[in-house]
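Peer 1: In case you want the letters, here they are:
Protein chains: 2
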Amino acid sequence: MSDFQMTVLGSGSAVPTSEHNPTSQIVLYKGKQFMIDCGEGTQMRMIRFKQKYRNLDHIFVSHLHGDHYYGLIGIINSLHLMRREKPLKLFAPKSLEKVLRLQLDVSNTRLNYSLQFYALEDYNDKPLFSDHELVIECFPLKHSIPVWGFLFREKEGGRRIDKTFIEQFNPDIEDIKSVVQGGGFITPKGEVLAHEIITLPAKPPRSYAFCSDTAYQTMTAEYVKGVDLLYHESTFDQSGKHLAEKTLHSTAAQAARVAMEAGAKKLLIGHYSARYNELELLVEEAREVFAESYLSIEGETYMID
Amino acid sequence: MSDFQMTVLGSGSAVPTSEHNPTSQIVLYKGKQFMIDCGEGTQMRMIRFKQKYRNLDHIFVSHLHGDHYYGLIGIINSLHLMRREKPLKLFAPKSLEKVLRLQLDVSNTRLNYSLQFYALEDYNDKPLFSDHELVIECFPLKHSIPVWGFLFREKEGGRRIDKTFIEQFNPDIEDIKSVVQGGGFITPKGEVLAHEIITLPAKPPRSYAFCSDTAYQTMTAEYVKGVDLLYHESTFDQSGKHLAEKTLHSTAAQAARVAMEAGAKKLLIGHYSARYNELELLVEEAREVFAESYLSIEGETYMID
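Protein chains in written order, with the numbering used here: chain H, 187 to 491; chain V, 187 to 491.
One or more of the hints may lead you astray.
Given that identical chains are not distinguished, each listed pair holds provided it fits within a single copy or across any two copies.
[Unchecked claim] Using 20 angstroms as the maximum straight-line C-alpha spacing, the simulated EDC-like pairs for lysine to aspartate or glutamate come out as follows:
#1 280 / 291
#2 312 / 271
#3 236 / 205
#4 349 / 486
#5 272 / 348
#6 341 / 360
#7 238 / 205
#8 216 / 283
#9 328 / 308
#10 411 / 431
#11 432 / 408
#12 432 / 414
Worth flagging that the hints you see were computed from the coordinates, not collected in a lab.
Only a predicted model underlies this, so the values are computations on that prediction, with no experimental measurement involved.
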C-alpha cells in the first residue's frame, strides 16, 4: 500500500478476450480515486477487484473509441440506482456528452446526482484538477481520432519536520505550526534551532502518466519527462510494426523508447492486441530498450513511490 | 442438445453483481442463432460460454433500459473488427438507432457490414421473422417505458413419413416426394396404401416466449398461450411486492401466475434483483403457484421440446 497507486482494471484492446477486458485504471491519491478510461465491463471489474465508488469523483476518458468508454454509461446508471447524490465530474472529448445525454434520454432517466461534463478540448493549457498537493493535466497523443494522455503529478511540498526533533523536544501544537510555516524553535534551555536544523528536505514530488492509444511521437517524452511511472500502450510487438503504423498504435519497443527518452523510472505496457496469448515477448522486447519495463496486469496495483 | 434451445448469458437485473450479468439470451433454432437483449458484458459472456457469431443474424432488444442493451454497441463494434461482412438485423425500439449511429459517428467508424435497423413499433401486427418453419413475433409488455416480449413458435408441420414404411418398402426418391406432398403409395404387389397409413401425425409445434421487463398483466398469458417454455422476469419475491408495483416489475408468484394462466409447460424466472444472494426463495415462491418453475442460470442451456 502506498498513498499514490494505480490499479489496472482492464489492459486489453478493442476486441475483448477471455483474459483481458478493455482499458480502465483507477488511480488512488491520498484517499481520492480517479478513473481513467472505462471500457465495457468496467463495473464488473470494479466489483471483482473490490473497488468502491465512494471516493470516485473524477473520471477521465482519453478518446472515443469504444474500448475506452463503452462501460461508462453502465457505471453512470449504476451510481444512479445506488442513489449517489454527490456530483460526478467527467472529463472527456466533447462529443461524449451528446452520447451519454441521449442514452439517458431514451431510457427516460433523470439522474439523482449531477453529471458534470468537461470537454478535454478546453484543457490544453490548464489543469483538469488541482488542489494543494496534486495536479492532473492532459496532453495530446497521436491516433486516428483525437486522444489525450493524462499526467498526475504531486506539487512540490515544503520541508518536513524531523521526527527526531519531535521525540527530543515534544513541541506543542503552536510550535509545530510555526515550524511548518518556516520558523525555527527555541529549546527549553534557550537554544535557537534554525528551521533547516529541525526539518528535512521536501520529498521529491511523485508522478504518473497514462498514454493510450497512440502512435510513437517524440513529443510524448516531453510531456511525461521524468515521470516515476509511465503507462504506455504497446498494442503490438515489432513483428506487427506495419499494423502499428497503419492503426496509429505503438509497438513494445516504441513504448520503451518513450520511457527512455522521458527518463521515466518505470514503464508499464498494456492495451495488448487480442492476437497475443503470451505477453512475455512484448515485455522482453520493451526491456531491450528500457530495462524497467513491466506488463500491466488486470487486478494488480502499482505503487508510485 | 435439441434443435430448439435457449442459452442464458445473463439473468441479473439493472445493477450487476459478482454472480449475475444483465439480461441476454441466445435462442438456437435448427442452426440459426437469435440474440434477445444484450446487457453490458454480453460479448464477454459469449466468449465464456463458447458461443459464436457465425449464425447470429438477428438481435432483438426488448426495451431501452441499459441493462438490456448497453452491451450491443460493443458487439456491433467487435463484429466490425472481426471483419463480418454479412448484414446484421436489429429489431429494437426506434430510438436505439439514433444512439448506435451516434456512437459509431463519434468514433469515426464505418462498419464493414450492413447494420439493418427495424423499429419494433412497426411490428405490432406482423412477424419479425418468418420462414417455412419458424415465426418470431413481438407483443407489448407493461413497464415504465415501452417494452416488448418475443414469441418464437414453430409453424404447423405436415404429417411425417413413418420410418417403418421406409424400412418395409424402401421407396425411391420420387415416391417419397409424392408422399411428402400428401400422396399414398402403391406396393410392388399393387396394394394401395393411403397417405394416412404410411405417415404419422405432425409433431406439435414448439414455442418459446421471453417476457422482460414487465409488471403482471392479464394480456401476457394471452400472448404466450400454450407456450412450451416461458421466460418471465421475477425481479422480486412477495416481500418486495410494493417495489414490483412501484417499478413495474413482477414477483416470482406473478411470473408463475402468468405461466399458469397461459397453460405453459415450463417456466423460467430471471432478472433477479441484486438484493438476492440466494435465489431459492424466488423459485419456491413460483412453485407454489406453478409447479414447473425453474431458475434461469447463466451458462445453462434449456431445451424447448
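Peer 1: Each hint should be assessed against the structure and marked as holding or not.
Peer 2: Here's how the hints hold up against the structure:
no. : hint      : result
1   : 280 / 291 : both (18 angstroms within a copy, 13 angstroms between copies)
2   : 312 / 271 : neither (28 angstroms within a copy, 45 angstroms between copies)
3   : 236 / 205 : both (18 angstroms within a copy, 14 angstroms between copies)
4   : 349 / 486 : neither (33 angstroms within a copy, 62 angstroms between copies)
5   : 272 / 348 : neither (39 angstroms within a copy, 71 angstroms between copies)
6   : 341 / 360 : neither (25 angstroms within a copy, 88 angstroms between copies)
7   : 238 / 205 : between (23 angstroms within a copy, 17 angstroms between copies)
8   : 216 / 283 : neither (29 angstroms within a copy, 43 angstroms between copies)
9   : 328 / 308 : within (18 angstroms within a copy, 44 angstroms between copies)
10  : 411 / 431 : neither (24 angstroms within a copy, 58 angstroms between copies)
11  : 432 / 408 : neither (24 angstroms within a copy, 56 angstroms between copies)
12  : 432 / 414 : neither (30 angstroms within a copy, 52 angstroms between copies)
In terms of the numbered hints stated before, the structure departs from hints 2, 4, 5, 6, 8, 10, 11 and 12, listed from lowest to highest.
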